[in-house]
Amino acid sequence: MTVDADWTIVVPVKQVPDADDVTIDPETGTLNRSDAPAVLNAPDYNAVEAALSLRERAGGEVVAVTMGPPFARAVLETAVALGADDAVLLTDRAFGGSDTWPTSLALARAADELDADVVVCGEESTDSSTGQVPPGIAAHNGWAQLTYAEELEPRPDDDELVAVRDVEGGHERVAAETPVVVAFEYGENEPRAAGLHRKIYAETEFEPEEWSAEDLGISEQVGLVNSPTKVGGMDTADPVEREQAVVDDVDALSDRITEVTADD
Amino acid sequence: MTDDDTVHEDVWVFVEEHGGDVAGVSWELLAKGRELADETGEDLVALVVGEGVDDVGAEAVERGADRALVADDPVFEPYRAGPYGDQFRALVEERRPSIVLIGGTTTGRDFAGRVAVPADAGLTADCTELDVDDEGLLLARRPTFGGDAMATIKCPDHRPQMATVRAGVFDAAERDPDRDGDVEAVDVVVEADDALSRVLEREVGDVADITDADVVVAGGGGTEGDFAPVEALADALDGEVAASRKAVDEGWVEPARQVGQTGKTVRPDLYVAAGISGAVQHVEGMNDAETVVAVNTDPNAPIFEHADYGIVGDLHEVLPELTDRLGGRSPPEPTA
Ligand SMILES: Cc1cc2nc3c(=O)[nH]c(=O)nc-3n(C[C@H](O)[C@H](O)[C@H](O)COP(=O)(O)OP(=O)(O)OC[C@H]3O[C@@H](n4cnc5c(N)ncnc54)[C@H](O)[C@@H]3O)c2cc1C
Ligand SMILES: Cc1cc2nc3c(=O)[nH]c(=O)nc-3n(C[C@H](O)[C@H](O)[C@H](O)COP(=O)(O)OP(=O)(O)OC[C@H]3O[C@@H](n4cnc5c(N)ncnc54)[C@H](O)[C@@H]3O)c2cc1C
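First to last, the protein sequences are chains Z and X. For the first sequence, the tail end lands on 577 under the numbering used here, and the numbers increase by one without skipping. For the second sequence, the tail end lands on 327 under the numbering used here, and the numbers increase by one without skipping.
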């Protein structure tokens, strides 16, 4: 045990294709993710902001981590530009095809390796949007979890983090022991803009550390073969046919509505 | 890692309960679970965890379960992932279900993500269609990329096969007081003091169910917080008020009324979207509406592509006029 009141705050960030630019290959049914510019998952801006704000109140450092191909380092640069102190890229062919089970294992091992007190994730990704990675990280490490968190109150002296959580139709305040994994709710804080100096540093000087599956001791537990779920097929959702008629005045609209609601 | 050779059977539904109130999505999953169990010739089992929840178990039987497993203990109220997860894991190891369905609420997703890991289970999120093939393999269809694509996900080598489903995707199972089934109290394996977290306060507000409404009038950022015209129109049409996530995040409307990917799925005859831009995540929750009407000041708003009838205009003028025409009460003065 180190006598250290400062927190190590780990922020897992995901690189996702820019939502508007994903196309599907009609022949193979696979996604052409390569056409789409890759960006930082929008909810992860809220996670980074929540982590920076925790650092300001509790002291310590913020380390961004991503698991992905080598070019995923771009989202680490974004996180560093926003204010993260350091970053680690988990990259290895062995990770390819991982579902949420091995993805959360890799992130859990990295968080453990970094001696994390708090892990702050985004609510969910904008591409596969399972929201399963944060509770998965907590489960792999046997740590507490605070999902759908809207506010965080650090209590480093008590080794506790208090969160206001969104529960269906209401809220709860929960105190969790550290280490703890948070999933911060999308849109619940105002992410700061990257400072110019920080941005230049991130783009020109900064180099993330790189860890492989072997470094984490999990080569045999990751990748497609070790993923319980398999994507069996992908197709474009049948677009819903809509009239798309623009009416000029309220009378016409009111007539349409009367027709529709009189139908049954 | 595969455990093909051990037998896993039965379809389980996690019945989400808070202080005696059951989340509506649980009854929707019982209806779907009944279909799946009939197809595979297995039992449908309701899993009820909470304090003083025998009657919830009995209701689950009335709504289609062959059996209810009830874990009853004060440690389970209110919900926390740790105790629920440990109890679930013990039951899964002992009884080996083939399929487990969980509601995609904040609690359900918190729970599902936690328990899938130690159970070595495959977990498919936010399914909109569920089926089984000849071998009892669950075929879980889910939208991805904000609803632009549908993926079919299978879990060939791991059991249980788990899936979450958002509220409103399936119709709820009706109650039939004549149905028979067992309500079994199971051993509680969790100690009160091994929990990693404690709930300091909990406040549950409006848990409105907008998923069954025939008419839904939804407001978004364009209301600028004044929902009076939306409420008046909903009233005139005998419908429910709903909202985009933006309006919910701003605190103008209760979360229970949010439509979309991270909210509810509604399938009304008429959906009115007022001051809602039409982001993919919103459209995903209203795509099954029979007729969609959009009111927006911006003629280029994406919502018009997802609407049958649109009108370009200020909702603060259009909605009151509409309400008037449709014979509603005259709308109150804006409260801004
Ligand atoms: C079409 C499709 C459907 C899929 N459906 C499923 C499914 O139903 N079940 C399943 O188990 N897997 C599924 N997968 C696999 C899943 O997309 C990957 O495991 C993915 O890397 C993580 O899941 P997510 O994006 O849903 O993360 P989420 O759990 O939604 O992400 C929440 C947060 O976790 C963190 N995070 C997530 N991924 C990373 C990362 N790579 N690096 C750093 N931080 C991260 C971020 O903070 C993020 O905001 C699917 C994949 C595809 C292509
Ligand atoms: C992971 C994730 C999950 C999400 N889940 C959901 C979800 O479940 N549901 C959801 O709704 N969103 C969801 N979102 C958010 C979504 O992307 C949009 O940000 C949100 O839907 C925007 O809400 P809005 O259209 O009401 O507001 P805005 O984007 O602010 O749009 C307001 C609209 O009102 C119009 N307008 C302005 N003034 C007037 C006026 N006086 N009269 C008429 N029109 C006017 C404007 O032209 C504009 O089109 C999610 C996002 C993410 C990243």
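These aren't lab readings, by the way, just hints derived from the structure by calculation. The beta-carbon is built from N, C-alpha and C at its ideal position, and this holds for glycine as well. Watch out, some of these pointers could steer you wrong.
[As the list claims (entries may be wrong)] One side only, chain Z facing chain X, incomplete, derived with CB under 8 angstroms:
| no. | residue |
| --- | --- |
| 1 | R386 |
| 2 | G396 |
| 3 | D398 |
| 4 | H453 |
| 5 | V559 |
[As the list claims (entries may be wrong)] Chain Z residues, not near chain X, derived (Cβ > 10 angstroms throughout):
| no. | residue |
| --- | --- |
| 6 | E374 |
| 7 | D399 |
| 8 | D425 |
| 9 | P447 |
| 10 | D470 |
| 11 | G483 |
| 12 | R505 |
| 13 | A506 |
| 14 | K512 |
| 15 | I513 |
| 16 | Y514 |
| 17 | T517 |
| 18 | S532 |
| 19 | K543 |
[Unchecked claim] Covered stretches of chain X (in silico footprint by chain Z; criterion: 3 or more residues with CB under 8 angstroms from a CB of chain Z, positions within the stretch not fixed):
| no. | region |
| --- | --- |
| 20 | 81 to 89 |
| 21 | 115 to 126 |
| 22 | 213 to 223 |
| 23 | 280 to 286 |
| 24 | 302 to 314 |
Now the hints, each set against the structure:
1. R386: violated (23 angstroms)
2. G396: It is violated, given that the least Cβ distance between G396 (chain Z) and chain X is near 23 angstroms, above 8 angstroms.
3. D398: violated (27 angstroms)
4. H453: holds (6 angstroms)
5. V559: With a minimum Cβ separation of about 5 angstroms from chain X (threshold 8 angstroms), the hint on V559 (chain Z) holds.
6. E374: E374 (chain Z) clear of chain X: closest Cβ-Cβ about 24 angstroms, beyond 10 angstroms.
7. D399: holds (27 angstroms)
8. D425: Given a closest Cβ separation of 14 angstroms, the condition holds.
9. P447: Check fails; 7 angstroms does not lie beyond 10 angstroms.
10. D470: Label holds. Min Cβ-Cβ 17 angstroms, cutoff 10 angstroms.
11. G483: Non-interface label on G483 (chain Z) violated, nearest chain X Cβ at 4 angstroms vs cutoff 10 angstroms.
12. R505: Answer for R505 (chain Z): holds, closest chain X Cβ roughly 18 angstroms.
13. A506: It holds; A506 (chain Z) is separated from chain X by about 20 angstroms at its closest Cβ, greater than 10 angstroms.
14. K512: holds (28 angstroms)
15. I513: Check passes; 33 angstroms lies beyond 10 angstroms.
16. Y514: holds (33 angstroms)
17. T517: holds (33 angstroms)
18. S532: holds (14 angstroms)
19. K543: violated (5 angstroms)
20. 81 to 89: The restraint on the region 81 to 89 of chain X is violated, since only 0 of its residues have a Cβ under 8 angstroms from chain Z and three are required.
21. 115 to 126: holds (count 3)
22. 213 to 223: violated (count 0)
23. 280 to 286: Result for this restraint: holds, n = 4.
24. 302 to 314: Holds: 5 residues of the region 302 to 314 of chain X have a Cβ under 8 angstroms from chain Z.
Violated hints, listed in ascending order, are 1, 2, 3, 9, 11, 19, 20, 22; each of the other numbered hints is respected by the structure.
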